[in-house]
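Produce the entire structure from the sequences given, and follow the hints as far as they go.
Residue numbers (the working numbering): 21 to 389.
If you're looking for bench data, these hints aren't it; they were derived computationally from the structure. Bear in mind the structure is a predicted one, so any value in this text is a computation, not a measurement. Glycine included, every Cβ here is placed at the ideal spot set by N, Cα and C.
FRET-style restraints, in silico, Cβ to Cβ:
| # | residue 1 | residue 2 | range |
| --- | --- | --- | --- |
| 1 | F370 | W183 | 22 to 32 Å |
| 2 | A348 | A266 | 35 to 45 Å |
| 3 | F370 | L187 | 24 to 34 Å |
| 4 | R202 | G362 | 25 to 35 Å |
| 5 | E352 | G178 | 16 to 26 Å |
| 6 | E175 | D236 | 46 to 56 Å |
| 7 | G362 | K387 | 37 to 47 Å |
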Amino acid sequence: MSYYLCVDCGGSKTAAAVADRDGNILARGIGGPSNFAYLGLENFMQAVTSTVTSALQSFLPASEGGRPPLPPPSNASLFASAWFGVSGVDSAAAIARLVPPLTTLLGVTPVVANDTHLLAAPLSMHDDVSAAIGCVSGTGGIVVSFRQAGGAGLEELGRVGGWGWILGDEGGGFHVGREAVRQILWEADCASVVEPEKRHMDSTLKTRVMKHFGVDDVYELLTVVHWPDPLPVTAPGEKATGETDAPVYTKMVREKRLSSLTPLVFAAAFEDRDPLALRVLGRTSQELADQMCVLLRPEEGDGQEYPARKVKASETILCFGGSLVGVAAYRELILGELAKRGHVMKRWTFVDDAAGVGAKGLAALAKAE
Numbered sequence: 021m022s023y024y025l026c027v028d029c030g031g032s033k034t035a036a037a038v039a040d041r042d043g044n045i046l047a048r049g050i051g052g053p054s055n056f057a058y059l060g061l062e063n064f065m066q067a068v069t070s071t072v073t074s075a076l077q078s079f080l081p082a083s084e085g086g087r088p089p090l091p092p093p094s095n096a097s098l099f100a101s102a103w104f105g106v107s108g109v110d111s112a113a114a115i116a117r118l119v120p121p122l123t124t125l126l127g128v129t130p131v132v133a134n135d136t137h138l139l140a141a142p143l144s145m146h147d148d149v150s151a152a153i154g155c156v157s158g159t160g161g162i163v164v165s166f167r168q169a170g171g172a173g174l175e176e177l178g179r180v181g182g183w184g185w186i187l188g189d190e191g192g193g194f195h196v197g198r199e200a201v202r203q204i205l206w207e208a209d210c211a212s213v214v215e216p217e218k219r220h221m222d223s224t225l226k227t228r229v230m231k232h233f234g235v236d237d238v239y240e241l242l243t244v245v246h247w248p249d250p251l252p253v254t255a256p257g258e259k260a261t262g263e264t265d266a267p268v269y270t271k272m273v274r275e276k277r278l279s280s281l282t283p284l285v286f287a288a289a290f291e292d293r294d295p296l297a298l299r300v301l302g303r304t305s306q307e308l309a310d311q312m313c314v315l316l317r318p319e320e321g322d323g324q325e326y327p328a329r330k331v332k333a334s335e336t337i338l339c340f341g342g343s344l345v346g347v348a349a350y351r352e353l354i355l356g357e358l359a360k361r362g363h364v365m366k367r368w369t370f371v372d373d374a375a376g377v378g379a380k381g382l383a384a385l386a387k388a389e
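This is the structure:
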């Protein structure tokens, strides 16, 4: 029997799902991060190989001699088709680099695209929408619009963001953490010209963040943020370098120092109703909505001519994916910002199992052919 494989490669984890011809999910695998742009080809392939192998070993009988299931023997057809949604794949050149080694690994040529393509799969499930916007808000952030192409295929119409943590990732974990620190520092700057006894700077967000990093002075956050990335771990037998009692944050890469603050911001905002935390998420949700507005056009004519690749919200399903938009209160902030701009989506959905949806979609497409 040949199977249908879908792999969702993200900045935090790799998720694989294997389906049979009837669309039944037979196995799943979970692995470490697999953002291609961050890891490079070798580390990406290691993450994918480990994750898919784990899924296959959970249901396939062990081979003679303990031979691993990947790559499959040349005379055996293990997969009928495969679909990879990969964060950090943003160009034809990147796809061209991935397809050959993945084909060698799997024994079949896979479809490789950005991970937002997996999110837009629900477009084919509804006949009252003609377009989809995939919105990733997790470790990173990106929005991409699509319309149905031939069969179950998707045609990409436009994209905004997905530039990585150095240049953007609006709405994602790094953006939320960075904005939290910026707002805490801004409050301190504004208070610096006020008499000490008249300063009102109480904030559960500030308390949570400073406790997280183990600092007592707000301006020590500048040291936390800019401290160099840690050196590579020493090999066995080598003498460790650096301070043995250094603060925990010095052992984290800079990106993770900021993205690690996201749960604290959400807790301060949605549990404590802390005004500063709510302001942070107000700003990040506004910027994510701003990006989606690039893909959208007004519902009613206003005398202006708009590109044909822009879509109307009333004809679109918004497909959320990622840990941040998995929080209902944050989704509501984003949908509210879109509504303020006159964009009320016909439908919206949260895709929490992109790999599973993709594997089932491949099986359904094969049955329809």
